[in-house]
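Asks: I would like the entire structure built from these sequences, with the hints used as guidance.
So the sequence shown is residues 1 to 326, counted in my numbering.
Careful, some of the hints might be misleading.
Restricting the straight-line Cα-Cα distance to at most 20 angstroms, the calculated cross-link-like pairs of lysine to aspartate or glutamate (EDC-like) are [claimed, not checked]:
1. 150 - 184
2. 181 - 255
3. 296 - 120
4. 304 - 322
5. 296 - 255
6. 150 - 120
7. 150 - 298
Here are the simulated distance ranges between beta carbons [what the hints assert, rightly or not]:
8. 319 - 81: 25 to 33 angstroms
9. 60 - 185: 45 to 53 angstroms
10. 185 - 160: 34 to 42 angstroms
11. 214 - 75: 33 to 41 angstroms
12. 295 - 109: 26 to 34 angstroms
13. 320 - 29: 41 to 49 angstroms
It is worth saying that the hints were derived from the structure and are not from the lab. The beta-carbon is built from N, C-alpha and C at its ideal position, and this holds for glycine as well.
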Amino acid sequence: MSTRREFITLLGGVAAAWPLAVRAQQSGIPVIGYVRSESFNLAQHMVAGFRQGLKEMGYTEHENVAIEYHSAEGNRERLSAIVAELVRRQVAMIVGNSVAAQAAKAASQSVPIIFVYGGDPIKDGLVTSINRPESNVTGVTFFTSSISAKRLELLRELVPQSSVMAALQDPNNTSTMNELKDIEAAARLLGCELVIARTASERDFEAAFSMFMQQRAGSLLVGGGPLFVGHRGRVIALARHHALPAIYQTRQDVELGGLISYGSSQADAYREAGVYAGRILQGAKPFALPVVFPTKFELVINLKTAKALGLAVPQSLQVAADEVIE
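Replies: Rendered as structure tokens:
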């Protein structure tokens, strides 16, 4: 049985989850709704990190806390229904990515909500203050937009001959505009031409890569957001098909065959969320818990992909990397 199948079996279906959670609530064990707008595929490290954070606070799944896992699989209506049911049952709290957290906030002003994502929680309307959220919502932000310039620098170091750099962005992702400003400023400093493709759905991917080829782009920066996370396999396949060296935001992209990634550790971010969940179970209020920023960043390189692209990865990058996949 594959890891993914084992993981799905462990989580169980939504239909099977409700009775288990009801029994947990009836026995007095607090229930946490862990909700994703996208698939749980390749989310094992996030769940493991969350469980670790809970454990650090004295909570172990199946012993003194129950965790329900729900994925809307990209369906907003399904997401709203999942969140509404969790709120109706008055679960101890809801933990989710940005889209799930926004849906939960719209559904309740009393159930504690913990978000984990890579955008600006103030601009996205999740909190009014970083230091004192002043609502039932708090969480952890990857703050990925602030390190987009660093990604571009790494990409230039890896592909120094590229004078035209491409960027794949989702216009529906609320953090995109801030990210674009950082990318454009970094490109100017590097003396590179920047070609930007705004892709609102998977249907736009083919046209975006065709444009990159027409503009003779020599490297690619893949933006953040649920669209690229949910379809990361397709983006990686297209980059490979067009022999376009690309940098991504998460190590999971590199594990799937992407060339290089640089970003905050998602596992550690979810561990922080687990710690917050434990504190809330112990009586802390979300409005008194400041939004947490990342402290751990990861550089991951796939040498096999580099070889397939005919790239020689500088020794300096290999030494700096947190992990090199051979």
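Asks: Give a verdict on every hint.
Replies: Comparing the hints with the structure gives:
no., hint, verdict
1, 150 - 184, "12 angstroms, holds"
2, 181 - 255, "29 angstroms, violated"
3, 296 - 120, "18 angstroms, holds"
4, 304 - 322, "16 angstroms, holds"
5, 296 - 255, "19 angstroms, holds"
6, 150 - 120, "18 angstroms, holds"
7, 150 - 298, "12 angstroms, holds"
8, 319 - 81: 25 to 33 angstroms, "49 angstroms, violated"
9, 60 - 185: 45 to 53 angstroms, "46 angstroms, holds"
10, 185 - 160: 34 to 42 angstroms, "20 angstroms, violated"
11, 214 - 75: 33 to 41 angstroms, "34 angstroms, holds"
12, 295 - 109: 26 to 34 angstroms, "30 angstroms, holds"
13, 320 - 29: 41 to 49 angstroms, "45 angstroms, holds"
In this structure, the earlier hints numbered 2, 8 and 10 are contradicted, and the remaining ones agree with it.
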